Every structure is written in C-alpha cells, then in structure tokens.
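Whole structure, please, built from the sequences with the hints as guidance.
Those protein sequences? They're chains A and B, same order as listed. Note that the first sequence covers residues 1 to 772 in full-length UniProt numbering. Note that the second sequence covers residues 1 to 83 in full-length UniProt numbering.
Any given hint could be a false lead.
[To be verified] Mimicking DSBU-like on lysine-lysine, the simulated pairs with C-alpha atoms at most 35 angstroms apart in a straight line are:
#, chain 1, residue 1, chain 2, residue 2
1, A, 329, A, 339
2, A, 585, A, 595
3, A, 229, B, 15
4, A, 596, B, 53
5, A, 444, A, 585
6, A, 585, A, 626
7, B, 59, A, 595
8, A, 130, A, 560
9, A, 291, A, 428
10, A, 579, A, 608
11, B, 77, A, 81
12, A, 342, A, 332
Hints were generated in silico from the structure; no laboratory data involved. This structure is a prediction, so every number in the text was calculated from the model and none was measured.
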Amino acid sequence: MKLNRRRFLKYAAASSAVATAGALFPGASFGSWQKLKNNSGIISWQKAPCRFCGTGCGVLIGVSDGRAVAVKGDPNCSVNKGLCCMKGYHSVQALYAKDRITTAKIRKNGEMVEVPIKEALDLIADKIKKTMEKHGKDSVAIYGSGQWTIPDGYVASKLFKGCLGTNNVEANARLCMASAVTGFMTSFGIDEPMGCYEDMDHANVFITWGNNMAEMHPVLFSRMLANRKRRNNVTIIDFATRSTRTSQAADKSILFRPQTDLAVANAICYEIIKNDWVNWDFVNEHVSFHKGKTNIGYGTQDHFAFKDKAESIDFEEYKRFLEDYTPEKVEKISGVSAKNIKYMAALYGDPDLKVTSFWCMGMNQHTRGTWINNLVYNIHLLVGKISTPGNSPFSLTGQPSACGTVREVGTLTHKLPHGVVMNEHHRKMAAEIWDVPLENIDPKPTYHTVEMFRALDRGDIKFIWIQVTNPMVTMPNLRRYRDGALKDDRFVVVSDVYPTPTTDVADVILPAAMWVEQEGMFGNSERRTQHFAEIVKPPGEAMSDTWQIIEVARRLGFEKQFPWSQDEYIGKIWEEYRKFHAGPKHEMAPYTVLKKRSGVQWPFVDGKETRWRFNAKYDPACTNGKDFDFYGKKNHRAWIWARPYEPAAEFPDGEYNFWLNTGRVIEHWHTGSMTRRIPVLHNAVPHSYVEINPEDAAELGVVNGEMVKIISRRGEVTMPASIRGRGVPPRGMVFVPFFDESYLINEVTLDAFCPISKQPDYKKCAVRLEKA
Amino acid sequence: MPIFSYLAIPANGAKEMLCADLASLSHCEVIPSDNREVVVLVTDTPDKATEEKLQEKLKQLQTLQSLSLTFGYDDEKIKEKLR
Numbered sequence: 001m002k003l004n005r006r007r008f009l010k011y012a013a014a015s016s017a018v019a020t021a022g023a024l025f026p027g028a029s030f031g032s033w034q035k036l037k038n039n040s041g042i043i044s045w046q047k048a049p050c051r052f053c054g055t056g057c058g059v060l061i062g063v064s065d066g067r068a069v070a071v072k073g074d075p076n077c078s079v080n081k082g083l084c085c086m087k088g089y090h091s092v093q094a095l096y097a098k099d100r101i102t103t104a105k106i107r108k109n110g111e112m113v114e115v116p117i118k119e120a121l122d123l124i125a126d127k128i129k130k131t132m133e134k135h136g137k138d139s140v141a142i143y144g145s146g147q148w149t150i151p152d153g154y155v156a157s158k159l160f161k162g163c164l165g166t167n168n169v170e171a172n173a174r175l176c177m178a179s180a181v182t183g184f185m186t187s188f189g190i191d192e193p194m195g196c197y198e199d200m201d202h203a204n205v206f207i208t209w210g211n212n213m214a215e216m217h218p219v220l221f222s223r224m225l226a227n228r229k230r231r232n233n234v235t236i237i238d239f240a241t242r243s244t245r246t247s248q249a250a251d252k253s254i255l256f257r258p259q260t261d262l263a264v265a266n267a268i269c270y271e272i273i274k275n276d277w278v279n280w281d282f283v284n285e286h287v288s289f290h291k292g293k294t295n296i297g298y299g300t301q302d303h304f305a306f307k308d309k310a311e312s313i314d315f316e317e318y319k320r321f322l323e324d325y326t327p328e329k330v331e332k333i334s335g336v337s338a339k340n341i342k343y344m345a346a347l348y349g350d351p352d353l354k355v356t357s358f359w360c361m362g363m364n365q366h367t368r369g370t371w372i373n374n375l376v377y378n379i380h381l382l383v384g385k386i387s388t389p390g391n392s393p394f395s396l397t398g399q400p401s402a403c404g405t406v407r408e409v410g411t412l413t414h415k416l417p418h419g420v421v422m423n424e425h426h427r428k429m430a431a432e433i434w435d436v437p438l439e440n441i442d443p444k445p446t447y448h449t450v451e452m453f454r455a456l457d458r459g460d461i462k463f464i465w466i467q468v469t470n471p472m473v474t475m476p477n478l479r480r481y482r483d484g485a486l487k488d489d490r491f492v493v494v495s496d497v498y499p500t501p502t503t504d505v506a507d508v509i510l511p512a513a514m515w516v517e518q519e520g521m522f523g524n525s526e527r528r529t530q531h532f533a534e535i536v537k538p539p540g541e542a543m544s545d546t547w548q549i550i551e552v553a554r555r556l557g558f559e560k561q562f563p564w565s566q567d568e569y570i571g572k573i574w575e576e577y578r579k580f581h582a583g584p585k586h587e588m589a590p591y592t593v594l595k596k597r598s599g600v601q602w603p604f605v606d607g608k609e610t611r612w613r614f615n616a617k618y619d620p621a622c623t624n625g626k627d628f629d630f631y632g633k634k635n636h637r638a639w640i641w642a643r644p645y646e647p648a649a650e651f652p653d654g655e656y657n658f659w660l661n662t663g664r665v666i667e668h669w670h671t672g673s674m675t676r677r678i679p680v681l682h683n684a685v686p687h688s689y690v691e692i693n694p695e696d697a698a699e700l701g702v703v704n705g706e707m708v709k710i711i712s713r714r715g716e717v718t719m720p721a722s723i724r725g726r727g728v729p730p731r732g733m734v735f736v737p738f739f740d741e742s743y744l745i746n747e748v749t750l751d752a753f754c755p756i757s758k759q760p761d762y763k764k765c766a767v768r769l770e771k772a
Numbered sequence: 001m002p003i004f005s006y007l008a009i010p011a012n013g014a015k016e017m018l019c020a021d022l023a024s025l026s027h028c029e030v031i032p033s034d035n036r037e038v039v040v041l042v043t044d045t046p047d048k049a050t051e052e053k054l055q056e057k058l059k060q061l062q063t064l065q066s067l068s069l070t071f072g073y074d075d076e077k078i079k080e081k082l083r
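So, in structure tokens, the structure goes:
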C-alpha cells in the first residue's frame, strides 16, 4: 500500500481527530484501531516494548506503507497503561535518519570500504579463527548490551562460552546494573526485584535514593505523582546529591555529600534499632546477620582482584557496629541534618506506613555499589517492609533488557543462562542444552568490562566484537581505552545502526537491524519479558545482531548448535533458552504466550505470573511453610550486612576542588546516537553542558552559556555552562550529561569500580574548573 | 475532493450502533475510542455533490448526537484560491 498524497491527508485528518479527542476526553484511547475491518488501512498498529529505558512501557507502533509512522501508548500494558514519555512518542523517528548504516564496511588501507555483508561475515569468522589459533581462545571477545534482545545475548553466550570456550563475554549493563545484581545476590542469593510496579499503587512513602526518576523513569514517576494526587496519604522524599526535577516534585528534598549515602543508611538502621521499630517477628524468622571485608580498594590498577568473605555475626555485634553511625555523627560526614536522618528513619519505622525505595544509577555507579544496595535492603529487612504490596526496595533498570538479556541470560564473564561458570552443575546444564562438550565451558571467569578494555589496550585481547553499544563514549577514563582499540594489531568489529565514535575505531562495521526491524524480547525492571515482532523491514543489508552471530557461528563450523531457519529462529531460541529457567523460581512464559501479551512476569508458573517473590501468598517457590521464604540463600533467610562508610576513590582536594557527577537528561538516550537524530529531541537539548552552582559560577566569573574547561588528572573538556537550569548541583559539584559525543566527558572520569560488582563509579571524581 | 475528519458523539448508549451506521455509509472510515463515548469519522468524497449527499445522510442518523469538525481539506477550494 503506497502512501500517496491523498492517503497522507487522510492519515493527517484521522490523527487530528484522535489528538482532539485526546484533549477533550482525557485518557481516550484508540488502541483497537488496527482491528477494524474494511477500513482504509491508513495505518496498522502492532505492540512492542519501548526501547528507550528499562521501564518497559508498552507501545503500539503505527505502520503505513511499510514504514513506522506513529507511536502511542499501549492501554493494554500494565506498565504504562497507555502513557509514554517524550522519547517513547518519538521513538520510531530514530529508525529513519539519513546516515543510517545500511551496508557492511571493511577497513582497507586505512579507509572504510563498502562490501557485501557476506564478505564482512566471512572476514569476521576468519579473524576469530586465526586470532584464536595464534593467541589462544581468550584473545577474542564480545561486548554487548542491555539493549541486546534476549536472543542476541543468548546466541552470543552460546557461541563464545559454549562453542569457542572463552568467557570473554560482557555487556554494558556491567556499567549500569552490576551493583544491583551483587546487591541482590549477597542479600538474597538470587537476582532481580521481589516487588513490581504495582507497589506504587499501595505505598504511602516513596524515597528515591540518588535517583532522578522524573527524567530517567518519567512514566513511573508520573504514576507515583498520580498516586499522590489520588490518595491523601502519599509522601515523596528525594534523597540525592543534587537538585533535579525529581527534587522539585518531591514533598521533601534532602541533599547528601557524595558517597555518604552509606553512612546515612547505617544511621537510619541505628535509629530504627534505638527506637525499637524493629519488626522482631520478621527479623527472628527471616533474617540473619553478616559482615564482610573492609578497606576493599577501588580497582584503578590493572589485574585488580578482590574476593569478599562473609562471616556470620549476631544482632548484638551488628548493633555495636552501628554505634559509629549515630545521626549526630553522620550529620558531620554527610551534611544531612540529624533531624532529617531521624525523619527518614521514622518513616521506615512507622508500622502503619508502606514504604517503597527506588534507586538506579546513583547507588549502582558507586565504588561501594554492592554495599549501598545491601544497606538499603537492611533498612527494609529490619522493619519487615519487603515482598508485600507497597513495601518494596526496588532497584530500577536503565536499559530495556539489562535484566532480560544481561542478568537473566547471563552475558557477563562469570555467568551462564542458569548460574555461573565456576559451578560444575551449572556448566553441565549449559553443555547439555547447548549440545557442546562439557570441557568447552571454562570454569574460570576472565575479564569484567573495565578489565576487558584494559586487556584490549594491553594486547591480551586482540579481537573484539561490539554490538548495540557505544563504549568509545561511555567507558570511564576513555582516552586509554580508545587509544587501546586503535593499536595496530587489534581487530574491532562493530554492529550498529548509526556512525558513532565506536564505529570510528572499527575494522569492520556491520549494519544492524534496530528494535522493531527484528523479532525479539526484552526483559524490564519488574521481571517482565516483552516480545515484539518484526514490524518493519530493516534497511539495506541490515540484519539482526542475533542473525549476524548465527552467520559467523556457522562459518566457524557450529551449524549443529545454530540450526534454525531465518523464519523461525527467535521462537526456537526462546524455547531452548527457557530450559535453563525451568522450575518455580524462574519459570519463563512459553513463546506462544509472550507473542499474545504485552509482557509476562516471571516466575510464570501454571499460567500465573508472580508479582511478589519470597511471599508465600504470591510466590509458588516458597516451600518453608512460613509466610516468607528467602529461598535464594541456603539458610532461607535474607542477609543483613554490616557494611561501613568508606570514602570515594577520588575526592576534591586543593588542586582538583570540585566533584564531577555525570548522568542523563530526559530527552536523550545514553550516548545520543539515536535520540540526537530525532529532530524534536535534538532541538530540545541540542548539546551537552556543565551544570554549575550559581555561587560557584559567580566566583568563576562565568555566566550561563559561557565556555568552561573541566580538568581532571586524566583529561579535560571545554563546554558551555548551565546555571540555574533544570538541575542545580550544590556548591563544590558540577554535573555533566554524557549524551553528546562532541563533549566526551568520560575522558575526564575515573575508571574506579566497586570491587564486588566491578561496576565503575561515574558519579564521583575530582576536577577543577577554568573559565575558557 | 474534500477530506474531513470529525469527532462523532453517539446518542446515549448507541456507540456501537453509530459505528455500524457510519461504517455502512460510502466514503466513511470509522475509528471508535476503546474507552470513551467518542468516535473518529474520516470522510473522503470524490466531488461536491457526493459530499452534500453524505452530509444529508449523516444528519439523518438517529444514533448520532453531534458531529464536530476537526480537520478539513478541499482540492477544489485550494484550486479556486490559486486561480
């Protein structure tokens, strides 16, 4: 069906009427438009999850003449109930920018030359084979993404871990979610949140821990605000290091000094115990107390290694540990008044209030990321406010499938789709399902993300294949890793949809299908798996990342492990992958069910989704005969950890006297490679900037828009100042969004990480400012 | 060759019947709301005479309470302006 002028006018007429209806009848939905028969077919609609954050909003993609032309919220999706944010509404425009990569390219004599994609795939297979022959199996690597579909990550893991025998598989979710994972594993022995978004409809108190939800998870934030408007007993507290739109909308904004959330969380626990707000029935039945190593380092040197050691302690020892964290002592460390610490403790401690804590990058991108996750769980566990509607410590995800593809499929060096490479039982399961010899799967993890790029720089890795991510913008201490990738005997393959600083360092560029140009699944923050069909055709020779990997695997001789045809491979992969999660703790929905619904939550047992885990009323995996069963741990108890406050890896001093904090804005997705090609989003925020406190700006003699040089021990960047913009940092801190490749702020940041999760801290390093 | 779109408000409880009535008319496309008592109507007629006949038929519908124009385009009028 061709979109001629007349059809376009009819589409405009219909859109105008739908928009008017939306204004006159708030909440009006026209979701069943596509089901009408005998209509003109002006536009047809198909469901998909949005790809621009981890919320997992259901969208309906309007297609006309084979082109995605419109987006609306899916009223049948419980996540967003028909609402979208500005990125969601404009998302399909990201498919059609003029410089879309549609053909493969190979570097020949220093120039990128277009070639048929088959030639590029042949070269990739040949390079992998020869590199492994010459330098060993661990000289090749794949680096993927929380924007990989579940099948993308699954075939990557199967090829590299199962067939090639290297654990050099990592994904950019290491940079955004790893501390959440290790937080869950150390506190509960099993990954991903116990609650769900429905908690928002029950909670009386929301505390956002270093989490600008208004910009990062706007649809969920709207749901929180709607609850506050509808019910008269809802309070929102923003606990953060800078003032943001979230602070403006909150009932109370409390600022803390960077890194000192550790101390404040302990002070809250101190207050809860001191005032006897402990839920003893819950604690005695379901909690045990532990401590780990301290002074654990920051990982800034190559080959850094750390292994924590848990020791059991009793409640009295835990109570003594907390004596260092009285509100009065912590006020001096954190800058948070003792009164405000006591206020937050009282909210958590009030048995009549249901409390949900939200966090995302502020707690995860933290050199003690695992610890601060543990400490917020401690608070909820002490008062028994967990795993029940409205009582939820809730770690939000940044990317659409960080949970689905990275955490569930296990696309990290130590992981398998079920369990870890170090566990023989888990390796046996993988070898059997993958139909590979057990010896193929190496029991030793290799490199986490930062160390993987260090290995590329050192030359321990010679070949790396990067898919659906842009590390040459996102790696901290970026210059080292870009220079490393450019070294002579490194071979870099990049699969992407647009040119980026990462394709700039590539030897081969593969044109990738984007989002709804392929069939796939994502997994969102609340354990919801969301299927989408191929709704429009990919341009030129672009193909899905999954199929690219299958093509290379077959060229390497693994036809038996990758036997599927192109018209059925996603369904077949899903059903193979499901075998890893069989059982009530993680059962996934069948392919046929996923295709029908706007997402299905796991564990999906006997046709029923599980909304609250570890609670016997809702979770079929509970078997201990009690009201709660924290079955991830051998002792069936959740673990409270004594974790101290330790300072950041780098902090302001006489020479570098400002904190640098980096992050995102609502208009742009990560490095901006897609959203900067959407005119309305690009025009809204056309370039990055440095937020400076007005008093600091006055001292520097800088006015809004003037250029400022930000200098650290690693590099410098000069960019325009933003004073009294949407975000205002406190004195002594600057904030820079990282979406703009023209201002590579990660040349300034530090590659220190949490020694347990190996997740870097993008929120804290020391810089100085100069008027440019 | 005019193209118009309207918000059609059904008589009380008659949304489904209104959709059926409108869909049975030539040159009409109907998009009902899933959750509100409102229907989007897009008309595309080949000439002025047909348009006038359609307008008459719309006026006679018992299931239609009101019709509000939201978009209008007419080739002929544009041509007249250009002359």
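How the hints compare with the structure:
| no. | hint | in the structure |
| --- | --- | --- |
| 1 | 329(A) <-> 339(A) | 12 angstroms, holds |
| 2 | 585(A) <-> 595(A) | 22 angstroms, holds |
| 3 | 229(A) <-> 15(B) | 32 angstroms, holds |
| 4 | 596(A) <-> 53(B) | 43 angstroms, violated |
| 5 | 444(A) <-> 585(A) | 26 angstroms, holds |
| 6 | 585(A) <-> 626(A) | 17 angstroms, holds |
| 7 | 59(B) <-> 595(A) | 44 angstroms, violated |
| 8 | 130(A) <-> 560(A) | 22 angstroms, holds |
| 9 | 291(A) <-> 428(A) | 32 angstroms, holds |
| 10 | 579(A) <-> 608(A) | 18 angstroms, holds |
| 11 | 77(B) <-> 81(A) | 42 angstroms, violated |
| 12 | 342(A) <-> 332(A) | 15 angstroms, holds |
Hints 4, 7 and 11 from the earlier list are contradicted by this structure; the remaining hints agree with it.
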